[in-house]
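A.B. asks: With chain Y's structure known, arrange chain R on it following the hints.
Chains Y and R supply the protein sequences, listed in that same order. Residue numbers for the first sequence follow my numbering, so the first one is 1 and each next one is one higher. Residue numbers for the second sequence follow my numbering, so the first one is 319 and each next one is one higher.
The hints are simulated quantities; they were obtained by calculation from the structure and are not laboratory data. Watch out, some of these pointers could steer you wrong.
[Stated by the list, open to error] Pairs of lysine to aspartate or glutamate, EDC-like flavour, derived with a Cα cap of 16 Å:
id : chain 1 : residue 1 : chain 2 : residue 2
1  : R       : K320      : Y       : E122
2  : Y       : K72       : R       : E653
3  : R       : K496      : Y       : E88
4  : R       : K488      : Y       : D105
5  : R       : K329      : Y       : E114
6  : Y       : K73       : R       : E653
[Stated by the list, open to error] Heads up, incomplete: computed chain Y residues facing chain R, CB under 10 Å, no partners named:
id : residue
7  : I71
8  : F98
9  : S100
10 : I107
11 : T108
12 : E111
13 : Q117
14 : F168
15 : E274
[As the list claims (entries may be wrong)] With beta-carbon atoms standing in for the labels, derived distance ranges:
id : chain 1 : residue 1 : chain 2 : residue 2 : range
16 : R       : F590      : Y       : A144      : 41 to 47 Å
17 : R       : Q322      : Y       : A84       : 20 to 26 Å
18 : Y       : K235      : R       : A341      : 55 to 61 Å
19 : R       : D338      : Y       : N183      : 41 to 47 Å
20 : R       : W321      : Y       : A84       : 58 to 64 Å
21 : Y       : P121      : R       : L649      : 24 to 30 Å
For clarity, every value in this text was computed on a predicted model and none was experimentally measured. Backbone N, C-alpha and C fix where the C-beta goes; we use that ideal spot for every residue, glycine too.
For reference, the chains in residue letters:
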Amino acid sequence: MSYLALECWFSLTNKQISMSSILQVKQLHKRFDQLKAVNGVSFEVEEGMCLGLLGPNGAGKTTTVEMLEAIKKPDKGTIRYRDAPLNEEFRNKAGIMFQSTALQDFITVRESLELFQHLYPEVTELDQIILDCALGDFLDQDTASLSGGQRQRVLLAIALVNDPDIIFLDEPTTGLDPQARHNFWRLIHKIKRKNKTIVLTTHYMDEAYELCDKIIIMDHGEIIAEGTPRDLLSKHFNDVVIKLQKSEKLESALISLEKEQLLVSITWHDTCVEIQTSDVNQIVKRLLAADISLNSMQIRERTLYDLFLELTGKELRA
Amino acid sequence: MKWQRFVSVLKARDREFVRDRSALAWNIIFPLLIIIGFAFAFTGDQLDQYKVGVIHQPELDKISFYTTQYIHFIDVDELEKSAAINKVQRHQLDMLLDVDNKRYWVNDSSPSGYMLEKVLAGSGGEGYQKQLVQGDQVRYVDWLIPGVLGMNMMFSALFGVGYVVVRYRKNGVLKRLKATPLSALEFLAAQVVSRLWLIMAITTAVYIGCDLLIGFTMQGSYLSLFLVYALGAFSMISMGLIVAARVKSEEMAGGLLNMMSWPMMFLSGVWFSLEGLHPWVQKLALIFPLTHITQAARVIMLDGAGLIAVLPNLAALFVMSIIFLLLGVLLFRWE
Chain Y
1 MSYLALECWF SLTNKQISMS SILQVKQLHK RFDQLKAVNG VSFEVEEGMC
51 LGLLGPNGAG KTTTVEMLEA IKKPDKGTIR YRDAPLNEEF RNKAGIMFQS
101 TALQDFITVR ESLELFQHLY PEVTELDQII LDCALGDFLD QDTASLSGGQ
151 RQRVLLAIAL VNDPDIIFLD EPTTGLDPQA RHNFWRLIHK IKRKNKTIVL
201 TTHYMDEAYE LCDKIIIMDH GEIIAEGTPR DLLSKHFNDV VIKLQKSEKL
251 ESALISLEKE QLLVSITWHD TCVEIQTSDV NQIVKRLLAA DISLNSMQIR
301 ERTLYDLFLE LTGKELRA
Chain R
319 MKWQRFVSVL KARDREFVRD RSALAWNIIF PLLIIIGFAF AFTGDQLDQY
369 KVGVIHQPEL DKISFYTTQY IHFIDVDELE KSAAINKVQR HQLDMLLDVD
419 NKRYWVNDSS PSGYMLEKVL AGSGGEGYQK QLVQGDQVRY VDWLIPGVLG
469 MNMMFSALFG VGYVVVRYRK NGVLKRLKAT PLSALEFLAA QVVSRLWLIM
519 AITTAVYIGC DLLIGFTMQG SYLSLFLVYA LGAFSMISMG LIVAARVKSE
569 EMAGGLLNMM SWPMMFLSGV WFSLEGLHPW VQKLALIFPL THITQAARVI
619 MLDGAGLIAV LPNLAALFVM SIIFLLLGVL LFRWE
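If we strip away everything but chain R, and leave its shape as in the complex, we get:
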């Protein structure tokens, strides 16, 4: 690979993107609008349903507490107990109940927890031992931001590489470059690097902008978060290369890219937790890079998790990146 050729194509692509003011502005404004919109839409405790996690869910008629209306009882596996306690800390669960051991956990700063405690005491739960946990509420917007940043990266990566290279192919830019000594590897490497650094720069700008405008929780290390997003962006750029490899029409590319991005947008846990979904759907979601980006970024930002904790997500992203990249490079045709 000749460095000069790579840098030259990289610079040209960067210029093209940065000078396309409307596209640049949209890349920054779109996620900001979504986050601000959701921040306002879900300000305050508008959801009036109480959520109670139940370990060893008994027969429904064992205590009358289970017949109380407007409480959503969620089955919690014994192995997920600590995760469920974390959710009580973050106000994502209002109460956690262990029926066999006659214990319950509530957050001392949660009004919903307080109300549920009273209801439990008056409906068959007398004698249950209280376990107090502490922690600030995680607002929906705090929970949303890691996924929305990932989703914005997904659109930028898939369309910024997949769509643009197909446009180059259609209008003859690729044919002209093919007639030079530039190799396919040099060209593709320049596209990937150009898009990667632009995505990271834009994501950083959006992150700072959101933090200044609405503020959000960041418990973990910025470096860990940066690594997760960088690897995530790389995997999705590589995914875009598969579309870029052969497709000749922009319409076809648009269709394929939408086919890739829409399931990811709704099944990667960006907007809602996947916990309530069918186990098969939860498993299916793991094939999407965005699921791993969202999961890893969320535990770093909300729980302060380190890189070790998100290693499975990073490994999945790494393997996906390699597979997508190999496919993209091997399938690539100039014309």
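Pulled out of the complex, with its shape left as it was, chain Y reads as follows:
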């Protein structure tokens, strides 16, 4: 076998390994009294990918993740980790960061890390985690005195102490300021580069777009869309959004364009108007012909935010 052929085989094998599924979820059901929290959810999580679970409040994403984490038992359905039911091996190799977790009082960051480290048979070097999560500056500080961003980094570090194969992050950046969020994203990118599998729930569409290789959108306990962010957008949208400043001339021009069915939709705001169209050239030509100034015109692609609203019909609530 030539070197090139060997390399091709090696690369193919690697790809097959990396695409193998680490978590298989089949027909998951969970009910709380009369409420169907999760209703027949099935999907697979491939090794090394970052899967995003999106949905409005009450969509069932946290319940789904808690069943995946073996915190809650499903009423029906199966979850398999590396082709086996969730067992001791899973607990040893899963890293978990809950939506809200308190740490024991009067314990420093270092002591919290050591506590969790001693609960697992195989662990990562503490120094490496401290470096990766940038905890050095507040390592000997009481966990109760940390800022929101520092606290989330500590919780992420705790999720990493056991050198996990799969990491569950439940709304990890909720409540953080934009800078802290971006710092947190950098950490997650670092983890992704180590070929760790991540299951992320989030309210932030930009976060999902930035971090996730695959997205599942849930509502009313069911999956309503699934795919890569780009595929989902191209599957649902073939238009763009044009934003213009409101004027009387523009209003009459848009009314005639709408009659000619050149627009997908128009959204009127206080000072501006957003139009969705799949034929930008034609719209621009017609607006120029109507002597409308395009100096303030902005064109943007459709985003996950648009997709989310279109599918769930709900405003985002953080």
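C.D. replies: Here is chain R on its own, set in the frame of chain Y:
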């Protein structure tokens, strides 16, 4: 059970308790304040009522001694005679009277006994044979200390485990630990051991502190006393585990723990002897671990009793511990 996991949770809990300075200080200061306060409040013979134990209590008009005011006559069963004589030795009874056999016991160092002897002689008790006993007075504070130490252990055990675990459940610490390989048994064992050694350390400090500040009687063996308190603390920590097992709100836990601790505080004989109470109340008191701790510690400290003498109390504490522990572990839920 994995030793490393148990030790790790134990260390974290110890750190949390020791670094919580206000809670630690309160655990030590509270019993000291109570004991010192009572020591001052009951210094001197302020109780002006005389106490006379009567074996075979006759008709009240048999001798005029029984019509004397300010004497509290206490009926004593024939079987309890030796215990009553002990009380005369410790000045807890001023006199013991055996009407049928025309005998009485007084302590030769008791002024109240001397006074009662004179009253008896002048009011129909001529010819009664005097039985002299000797022994130092047991002050109220000496009598109080064994129970107050037990009571402090009770609060520390019930609230230190029951309340803290419920707080862990409410704020998500338990949920996070559930997601690790740590088992419920390892977690609970660490809580019990952590609280047990802390209680014993604090009780020892309070004991030494009280002895240095006011001094008190200790007739028995320190090892026996240690065993009684250790088993007692264990039984009450186990009792706290029952509350810790399921309750989700701190308010509910506080209510339940108060419901457990208040009857114990008043019906376990910590502040006053149960002898004067209704027999049913005395029987009811035996279901409380604190009653057995107080009784056993008191006879060790005041009478110098050995372990054999307190075996029934130790057995009761042991059985209670097993029942509470099993219930606590079986009912336990992380969430």
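A.B. asks: Each hint: holds or not?
C.D. replies: Hint check results:
no., hint, result
1, K320/R with E122/Y, "holds, 14 Å"
2, K72/Y with E653/R, "holds, 10 Å"
3, K496/R with E88/Y, "holds, 12 Å"
4, K488/R with D105/Y, "holds, 14 Å"
5, K329/R with E114/Y, "holds, 11 Å"
6, K73/Y with E653/R, "holds, 12 Å"
7, I71, "holds, 6 Å"
8, F98, "holds, 6 Å"
9, S100, "holds, 6 Å"
10, I107, "holds, 6 Å"
11, T108, "holds, 9 Å"
12, E111, "holds, 7 Å"
13, Q117, "holds, 8 Å"
14, F168, "holds, 9 Å"
15, E274, "violated, 41 Å"
16, F590/R with A144/Y: 41 to 47 Å, "holds, 43 Å"
17, Q322/R with A84/Y: 20 to 26 Å, "holds, 25 Å"
18, K235/Y with A341/R: 55 to 61 Å, "holds, 59 Å"
19, D338/R with N183/Y: 41 to 47 Å, "violated, 32 Å"
20, W321/R with A84/Y: 58 to 64 Å, "violated, 27 Å"
21, P121/Y with L649/R: 24 to 30 Å, "holds, 29 Å"
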